[in-house]
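Knowing the structure of chain A, use the given hints to seat chain B on it.
Here's the letter readout for the chains.
There are 2 protein chains.
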Amino acid sequence: MIKINDNFLNLQEGYLFSIVNKKIKDFEDQHPNKKVIKLGIGDVTLPLCKNVVEEMKKACDEMGDINKFKGYGPEQGYEFLRNKIVEWDYKSRGIELDVNEIFISDGAKCDVSNILDLFDTNNKVAIQDPVYPVYLDSNVIGGRSGNYNKGNDKYNNIIYMPSIEENEFVPDLPKEVPDIIYLCSPNNPTGTALKYEELKKWVDYAKENKSIIFYDSAYEAFITQKDIPHSIYEVDGAKEVAIEFRSFSKTAGFTGVRCAYTVIPKELIGYSKKGEKVLINKLWGRRQSTKFNGVSYITQRGAAAVYTEEGYKQIKRNIAFYMENAKTIRERFIEKGYKVYGGINAPYIWLKLPEGKSSWQFFDELLEEEGIAGTPGVGFGPSGEGYFRLSAFGIK
Amino acid sequence: MIKINDNFLNLQEGYLFSIVNKKIKDFEDQHPNKKVIKLGIGDVTLPLCKNVVEEMKKACDEMGDINKFKGYGPEQGYEFLRNKIVEWDYKSRGIELDVNEIFISDGAKCDVSNILDLFDTNNKVAIQDPVYPVYLDSNVIGGRSGNYNKGNDKYNNIIYMPSIEENEFVPDLPKEVPDIIYLCSPNNPTGTALKYEELKKWVDYAKENKSIIFYDSAYEAFITQKDIPHSIYEVDGAKEVAIEFRSFSKTAGFTGVRCAYTVIPKELIGYSKKGEKVLINKLWGRRQSTKFNGVSYITQRGAAAVYTEEGYKQIKRNIAFYMENAKTIRERFIEKGYKVYGGINAPYIWLKLPEGKSSWQFFDELLEEEGIAGTPGVGFGPSGEGYFRLSAFGIK
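If you read the protein sequences in the order shown, they are chains A and B. Under the working numbering, the first residue of the first sequence carries the number 26, and numbering increases by one thereafter. Under the working numbering, the first residue of the second sequence carries the number 26, and numbering increases by one thereafter.
Isolated chain A (complex conformation):
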């Protein structure tokens, strides 16, 4: 008899965005003349850069030419793209990586959840709270969460690390030592970013405890302040403890094109049950060549076009546009007397709501009074209650 993975029954329904969408629709039906300003969206709105489009079209033509056609590519991605990443994203910041430490994929969401295939179910997991929900949900499916506790909206085996106003959105080192630590910086949803010293604290902690850090820096391109690291590998010793996830989605508008990459340094090791050291880089290579078949050649050509003088200029212009939106939103809510976080090194603005106001209450009021739709903070974790996310992508 076919038995399902019972962990799926332990997932909480993702009602957040369906409720948000229903509320917006109801509002629009009642106010047919008002246009809702949608700042709930976590998706880019500006089109692809000209350079990227032109390169992809050339690649399409090649695929139609019997002498240039390309079938299966390397599961790890084409070297022409991996070389560019090594050069432009890392070497330019003084970080030396080998091209075989870069793995191209069709999305950071896939990588950050598929990476769990490599690790034992018994690892203890710590996540920031609030944070991008995929970290939690993929661990629920993978059987690492323990049961859901309705009373506190938490899973019993997950270590929640509050990232809130009181600790300036920098999680404290947890009392119980986790084996897997998710850090998202710049953070979705709080829009805040970890400074060098804060990141160093985590790297040292992971080294001391033989933990691994999953470092999600999908929003690094939005960093504007000089003292914020773009990569965890800017911290000495991080190669021994951290995997870094990056994406072209927000950086280059690839949400609908699908390209990302994951860095797994050769120094990074895990332990077998017998205590043998195992190279994580090699495991991921084996996982990907067994369960994945690489990213579209056309897509990879498009991604490589970002790493040209003209392409880079074009994506920087789009990012600057989004960050100008962020500034406008920030200032508007500061004027109105709110405490406002984020929006400086990330495209997300995180409002602290007045004492006692729930994030859903605020959602309703903001929609009703100003025709603005955002995202209730509680949708990103229990410590998101009392906060509200506004996205800089929604205005174009």
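Warning: the hint list may mix true and false statements.
All copies of an identical chain are treated as equivalent in the list; a pair is satisfied when it fits inside any one copy or across any two copies.
Calculated cross-link-like contacts (lysine-lysine; reagent style PhoX-like; alpha-carbon spacing at most 20 Å) [to be verified]:
{"#": "1", "residue 1": "LYS235", "residue 2": "LYS75"}
{"#": "2", "residue 1": "LYS116", "residue 2": "LYS63"}
{"#": "3", "residue 1": "LYS93", "residue 2": "LYS63"}
{"#": "4", "residue 1": "LYS93", "residue 2": "LYS235"}
{"#": "5", "residue 1": "LYS302", "residue 2": "LYS235"}
{"#": "6", "residue 1": "LYS225", "residue 2": "LYS251"}
{"#": "7", "residue 1": "LYS93", "residue 2": "LYS421"}
These are calculated hints, taken from the structure and not from any lab test.
Frame of chain A, contents of chain B only:
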């Protein structure tokens, strides 16, 4: 301390293709004037159809246009493509499917291995022997294989179902009842396909035992004989027991573009530990929306272009070309006195080697004497020993 998934250590190294490539390279170095005819390749060689290229280029242009740009698409795939699949691939054969039973992905390899996320580790797995190695390897990683036994080249907990000359490459119903049954038809590597009655036997068996069938029909477009089912859903009741995997890879030359789809009928159920019935369609939807972000809009537009009068004509022409190659290869080896299977409903020709000749011995001889490189049958499972695969894709 970070603990790895020890099942990875249980994987046997995939030496096959690296040894094949090394032997070819050595031969080429020794015979610089001889061109090796590479019939080992499982990858297409003809370029994409004109229609597909043109549609993808249009889609690239849209992605560069602020008014037409598309960000995140539906995780399940765009309806424009799913509707075409329902209409052209199923309704045309009398099979009624709902558009929500189709899930677009970036590859059948991904789907056929990721699908295991939905099922408990304790399910008993049966695979054909020989067969596409991903079924086995993904189950080793997932912890369903038991230990590897060097003596018989088998994993202890896997049910191997020999598909050999003696049973006309139709596996017998296994004595021990499996929960998960992989059927690949037309088969890679044997090139043989299951007939209606044979498939019905398996559907009835699965219904009787509440087993599930993973039906891989990635090569269905190569079927030329009228009595061979293209879909398992041609068999009554199959919707209650089978998931069907299909791909644009071999059908439309998408190995480098990456698009496939999986059909999960709403009738298909699994059981929780408590014995509750759970809809597999809903579980997969949840899995994909948690761990996947859909396929490139450009790719999906290209795939949809296959389902036009002109597109269909173009891909049929390519398939006919490959099948003409298959015929040539078949006839050549029949003339030489070999027993030859496959090559009629699949792009693979499967040679039965003379008694006592190993598939590696034959590899060496064929390369040395005729400059032809194929694939030793033993690379697809222990029952592949004494056989040899030749691919019809290698000549263009």
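Evaluated hints:
1. LYS235 / LYS75: neither (45 Å within a copy, 54 Å between copies)
2. LYS116 / LYS63: So LYS116 and LYS63 fail the 20 Å test inside a copy (38 Å) and across (40 Å) alike.
3. LYS93 / LYS63: This pair counts as between: shortest inter-copy Cα distance 18 Å, intra-copy 44 Å.
4. LYS93 / LYS235: Answer is neither: 47 Å inside a copy and 48 Å across each miss the 20 Å cutoff.
5. LYS302 / LYS235: within (11 Å within a copy, 41 Å between copies)
6. LYS225 / LYS251: within (17 Å within a copy, 67 Å between copies)
7. LYS93 / LYS421: Close across copies (13 Å), not inside one copy (38 Å); limit 20 Å.
Hints 1, 2, 4 from the list above are not met by this structure, while the remaining hints are.
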